[in-house]
Each structure stands twice: as structure tokens, then as C-alpha cells.
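Enquirer: Spelled out, the chains give:
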Amino acid sequence: DAKTTQPTSMDCAEGRAANLPCNHSTISGNEYVYWYRQIHSQGPQYIIHGLKNNETNEMASLIITEDRKSSTLILPHATLRDTAVYYCIVSKFANSKLTFGKGITLSVRP
Amino acid sequence: DAMVIQNPRYQVTQFGKPVTLSCSQTLNHNVMYWYQQKSSQAPKLLFHYYDKDFNNEADTPDNFQSRRPNTSFCFLDIRSPGLGDAAMYLCATSRSTFQSNEAFFGQGTRLTVV
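Taken in order, these protein sequences are the chains called E and S. Going by my numbering, the first sequence opens with residue 1, and the numbers climb by one from there. Going by my numbering, the second sequence opens with residue 1001, and the numbers climb by one from there.
Please keep in mind that the hints were generated in silico from the structure rather than gathered at the bench. A hint or two may mislead.
[Unchecked claim] Calculated cross-link-like contacts (lysine-lysine; reagent style DSSO-like; alpha-carbon spacing at most 27 Å):
#, chain 1, residue 1, chain 2, residue 2
1, E, 97, E, 69
2, E, 97, S, 1017
3, S, 1017, E, 3
4, E, 97, E, 52
5, E, 97, S, 1044
6, S, 1052, E, 52
7, E, 69, E, 52
8, S, 1052, E, 102
9, S, 1038, E, 52
10, E, 92, S, 1017
11, E, 3, E, 69
12, E, 69, E, 92
13, E, 92, S, 1052
14, E, 92, S, 1044
15, S, 1052, E, 69
So here's chain E without its partners, still in its complex pose:
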């Protein structure tokens, strides 16, 4: 699976959009981009995934660049409960493994 690179941390103000970047320049054609988050002392939680097209669900939006070498997770209206470590993971479809990188720590401030 391709490797991902994320900034170590970022913060944003409550109510504002949080844009979390991820670089995956070695991604191959059959690899999906997944985002998970882990709130302190809890198990990771699936957020969203995509292959080529932008995706949106009730939690977030995923914007994937046309060359698929990077992506951005957007939390449109961040709340204090969104403070967590966010992991960007690249994985082949039908692959049974999810390999976590270091993730980015998002701190939402009041």
C-alpha cells in the first residue's frame, strides 16, 4: 500500500471549517483513500473513503486531486468533539489490511 504523509498537528476555531491535508504521491490506480479518526481513549472511527471522485457524507467531505497524489478531508463546521487524531490511509480495494501512519492531531478551540 502507498505511504501517506500528514502534518503533525493543526488547530481551528469551533464553527469553522477544518481542512486536513494528506499527501499520497505514490498511490496506485486501484488504491482507495480512507480517513479515520481516533478520539482520546477510544477506538478509531471510520469517516469517509474515495477512489477518484470527491465524496461527501454526514460527517465530512473528501476532496481528491485529479492526479490523486493528495487529498483533503473537510469538516465543514468543526466542534470541540472533533478534537482527535485523524488518519489518512491508502489501501487497495478488497485489501484486508489497514495500516495506520502517524496521523494529524486536530485541536478545535472554543
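Assemble chain S onto chain E, guided by the hints.
Expert: What follows is chain S alone, placed relative to chain E:
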């Protein structure tokens, strides 16, 4: 309702004394994973089952074993826990398809070795 259940949430074991952590799922997923997460680190995959097929990560110590007696249950056995095995152990499941392998995680078992 919890879909991936890990018991207990907290486990204290003695150095060198075998310990078993358990995981159950109500999702009927074919894939089950065990991860180890040490303090301030990312979860690290130990092994996973694809149906009954066991897949061990190359760097998983022999001290760690696993059993999956049926679809719903999976166990992590640590034969001789050392101080370095103190960690959060996470169980996850997924239904691996050609469109998605969204994983569902349990709340984890925090293991302390004394």
C-alpha cells in the same frame, strides 16, 4: 448498540502470566483484526483473519497468538507478557468487498503488566 465488543476494557496481568483478550462482533463481518497501540503511537496491526485464514504480520512477536473459533469471536493470547506489551489492544472488523473495507473498531482493552 455496540457492534464490536471487547472485554474487559481494562486488564491487569502479571509479568510472564498468560493473558487472553476477547472480541466479539454482531456485524457478521468476514475480516477481524487485532491492533496494538502504545501510548502516543498509531495502531499497529498484529494480525488479521480473512474468514478462517490467519494472516500474521512479519514483525508480530511469537509471544502473540490468536484464535477465531467462529465468525463472531476472536481472541488474542499473550503467552508471556512483558512490560513492553503494556498497550491498548484494539479489535476491528470489516466486510471486505471490492468497493470498501470500512473497518469498525471496538473500544479497546487497555493492558497493564505488573
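Enquirer: Next, verify each hint and record whether it holds.
Expert: Comparing the hints with the structure gives:
1. E:97 <-> E:69: 21 Å, holds
2. E:97 <-> S:1017: Violated, at roughly 30 Å.
3. S:1017 <-> E:3: 37 Å, violated
4. E:97 <-> E:52: 20 Å, holds
5. E:97 <-> S:1044: Distance of about 11 Å is within 27 Å: holds.
6. S:1052 <-> E:52: Not OK: residue 1052 of chain S and residue 52 of chain E at ~32 Å, beyond 27 Å, violated.
7. E:69 <-> E:52: 10 Å, holds
8. S:1052 <-> E:102: This hinted pair is violated, its Cα atoms lying about 30 Å apart.
9. S:1038 <-> E:52: 34 Å, violated
10. E:92 <-> S:1017: Distance ~39 Å between residue 92 of chain E and residue 1017 of chain S Cα, so the pair is violated.
11. E:3 <-> E:69: 11 Å, holds
12. E:69 <-> E:92: 15 Å, holds
13. E:92 <-> S:1052: 21 Å, holds
14. E:92 <-> S:1044: It holds: about 18 Å lies between the C-alpha atoms, which stays within 27 Å.
15. S:1052 <-> E:69: Given that 27 Å is the threshold and the Cα spacing comes to 35 Å, the pair is violated.
Of the numbered hints stated above, those contradicted by the structure are hints 2, 3, 6, 8, 9, 10 and 15, listed in ascending order.
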